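Student: The residues making up each chain are set out below.
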Amino acid sequence: MAISAPRIYEGTRIPSPVPTIIEVPEELRRSADILEINFGPNHPSMHGVLRLVLQLDGETVVGLKAIIGYLHTGFEKSMEQKTWWKAIPYAPRMDYVSFQANELAFVMAIEKLLGIDVPPKAIWMRTLLAELNRVHSHLVWLGTSALELGAISPFWYAFRERDRVLDLFELVAGARMHTRYFQVGGLAEDIPRGFFPQCREFCEVMPKAVDEYEAMLTENPIWQARTKGVGLLSAADAIALGQSGPVARGSGIDWDLRKAEPYLAYPDVDFDVPVRENGDVYDRYKVHMDEMRESVRIVEQTLEGMPPGPWIADDRKVVLPPREELHTSMESLIHHFKIVTEGFTVPEGEVYVAVESPRGEFGCYLCSDGGPRPWRVRFRAPSFVALQATATCMGQALVADMVAVVGSLDTVMGEVDR
Amino acid sequence: MYESVPGVIETREAHGETTLVVDPARLIEACLHLRDRLDFNFLSDLSSVDYLGWGEEPVAGYWGNATGRDLNAPGTAALPRTPDPKPKRFAVNYHLLRVAPGAGDARRVRVQIWLDDGEAAPSVIQVWPTADWHEREVWDMMGIPFEGHPNLVRILMEDDWEGHPLRKDYPIGGEPVRFSDEV
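Quick mapping for you: the protein sequence lines, in order, are chains A and B. So in the working numbering, the last spot in the first sequence is 578, and the numbers never skip. So in the working numbering, the last spot in the second sequence is 252, and the numbers never skip.
Worth flagging that the hints you see were computed from the coordinates, not collected in a lab. Just so it is clear, the structure is predicted and the values come from calculations on it, not from any experiment. Possibly wrong hints are sitting among the right ones.
To be verified - Using 27 Å as the maximum straight-line C-alpha spacing, the simulated DSSO-like pairs for lysine-lysine come out as follows:
#: 1; chain 1: B; residue 1: 157; chain 2: A; residue 2: 477
#: 2; chain 1: A; residue 1: 419; chain 2: B; residue 2: 157
#: 3; chain 1: A; residue 1: 237; chain 2: B; residue 2: 237
#: 4; chain 1: B; residue 1: 155; chain 2: A; residue 2: 242
Claimed, not checked - Okay, the calculated bits of chain A under chain B, using three or more residues with CB under 8 Å as the criterion:
#: 5; segment: 170-184
#: 6; segment: 442-453
#: 7; segment: 501-512
#: 8; segment: 518-532
Every residue gets a Cβ at the ideal spot worked out from N, C-alpha and C, and that includes glycine.
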């Protein structure tokens with residue numbers, strides 16, 4: 161079955177007046193038999209607790225409205241009640257698939273307000289873990305969204321490698337998910353012995369595993385028929401809708417914060433940013449696959465280049481003193497007590513820090529009044545923004561394609577609803 | 070480069086970030102100028118802050134300065150200090166970004182408007198369609214209305230929810246609890 165490459169549309173497809181709602185045209189409402197159905201919030205092929213209200217003309221989606229908020233937990237409000245360092249574990253629990261990217265953005269924003277220097281070892285280790293996390297997130301995405309389209313095998317293969325990544329996280333931080341390994345000023349603990357060999361082993365396995373997934377899907381005629389030319393999004397529409405990450409790169413926008421605004425150790429490692437032109441589900445899939453390969457390349461380089469030295473800044477007003485000093489130094493004991501009970505204080509001011517999370521630009525806006533608790537914490541969630549593109553991507557798609565479209569936008573509802 | 074932006078009241082530089090405080094009445098004009106003349110084609114984030122109670126109590130913290138903290142300088146730690154007063158209760162922040170190769174270092178700018186309770190902000194949905202859900206979220210969470218938004222309804226909370234949870238006067242645990250023996 162030969163499927164020609166899809167052509168991206170001319171002009172804009174963003175619905176008007178509301179950019180996120182497709183309204184049924186009045187003449188169609190009169191002439192056709194419109195069926196309104198409720199899809200979600202709990203449905204086996206729905207990506208998390210998302211609810212879509214659809215108007216169908218036969219099998220074609222002619223009206224669409226997304227309803228979110230089923231997973232709203234008030235993270236931002238809760239974090240205002242916690243001291244800065246006790247608020248850190250909240251961040252990874254929003255996007256439970258790319259937890260370390262969230263943690264990283266929050267910690268980096270606090271560090272920016274504090275003006276604290278992070279030692280190079282911590283910077284490199286953060287880079288490494290952020291990339292492992294990207295692999296993890298893309299694997300979960302691949303497994304679940306292929307599953308939604310009826311391909312069950314990639315799910316098992318992807319979760320096999322995902323487990324290896326989680327083993328690495330467990331080795332480093334003691335927890336498989338929500339590691340809370342990034343501490344203000346560096347890392348919570350030194351890199352454990354045995355991490356490097358196990359991580360190298362993973363780097364050898366992973367590229368072959370990506371080849372395996374691609375062997376199952378890339379040339380598969382069913383997969384191609386379900387994804388090529390489906391869910392088109394042009395570059396101009398993607399920018400107008402604030403799309404970032406793989407969704408933007410699948411639409412031909414060569415944009416990656418790791419290159420555009422280099423942070424961590426990204427300027428010192430060599431990697432490419434995969435960009436595809438067609439803006440359909442297939443291209444988003446290809447971008448995800450290529451990004452996994454690039455991430456493994458970055459992980460390999462960070463393993464080689466990992467600098468020696470301390471893993472956390474030596475600033476006793478912010479960083480907990482080393483454990484062993486507590487038994488011998490009164491000063492350290494006091495610092496430990498003060499930081500744990502009162503928390504450290506952060507100078508007055510506001511910052512916005514963005515990192516390239518697996519889903520795109522993950523931003524953290526912080527406002528401090530100079531006290532031990534954040535005045536305001538705000539997260540720019542890429543999933544929340546990506547979901548807004550659903551209506552534009554749908555065009556006049558079939559209801560079965562809708563599942564492919566929503567899946568390809570790679571949203572995690574925990575992050576959408578926060 | 071921001072002198073030509075219409076409606077700018079104040080320009081601030083802190084932590085390497087530029088903030089343009091803009092007159093709310095001229096926000097759309099300023100945003101269109103930033104988008105079309107200065108290439109800020111991408112609205113990263115739109116969020117709000119409630120400053121109710123800000124600076125009422127001195128905060129025991131250190132000052133900090135632009136380069137970071139100097140632990141050896143006297144008076145940088147643990148002395149109470151009142152944060153700088155804010156002009157109005159609410160601030161709405163628009164974080165803009167230039168998505169274009171070779172845009173240089175000045176990629177981001179924060180546009181800020183100040184509003185009192187009940188004052189409406191002009192909707193920028195016509196400038197950046199991505200503002201749609203962001204503005205709904207600000208309305209839902211902070212209760213700041215957006216004039217000209219075609220679909221300003223709650224987004225995260227239920228439609229019949231009372232109050233705006235992220236306001237400082239909204240208590241944590243403010244959700245009414247219903248017990249099984251209640252009729």
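Student: For the segment 501-512 of chain A, do at least 3 residues have a Cβ located nearer than 8 Å to some Cβ of chain B?
Tutor: holds (count 8)
Student: Starting from residue 419/A, check that the Cα of residue 157/B is at most 27 Å away, please.
Tutor: violated, 38 Å
Student: Hinted pair, alpha-carbon criterion (27 Å max): residue 157/B, residue 477/A. Please report holds or violated.
Tutor: violated, 33 Å
Student: Please verify the coverage claim for the segment 170-184 of chain A: does it have three or more residues whose C-beta sits within 8 Å of some C-beta in chain B?
Tutor: n = 6 at 8 Å, threshold three: holds.
Student: How does the coverage statement for the segment 518-532 of chain A fare against chain B, requiring three or more residues with Cβ below 8 Å from a Cβ of that chain?
Tutor: As far as the segment 518-532 of chain A goes, the hint holds, because 8 residues have Cβ atoms under 8 Å from chain B.
Student: Measure nothing beyond the straight line between the CA atoms of residue 237/A and residue 237/B; if it is 27 Å or shorter, mark the hint as holding.
Tutor: This hinted pair holds, its Cα atoms lying about 9 Å apart.
Student: Does the alpha-carbon distance linking residue 155/B and residue 242/A stay inside the 27 Å limit?
Tutor: Status holds; Cα separation ~23 Å.
Student: Take the segment 442-453 of chain A, compare each residue's beta carbon with every beta carbon of chain B, and decide whether three or more fall closer than 8 Å.
Tutor: Contact hint for the segment 442-453 of chain A vs chain B: violated, 0 residues under 8 Å.
Checked against the numbered hints given earlier, this structure breaks hints 1, 2 and 6; the rest are met.
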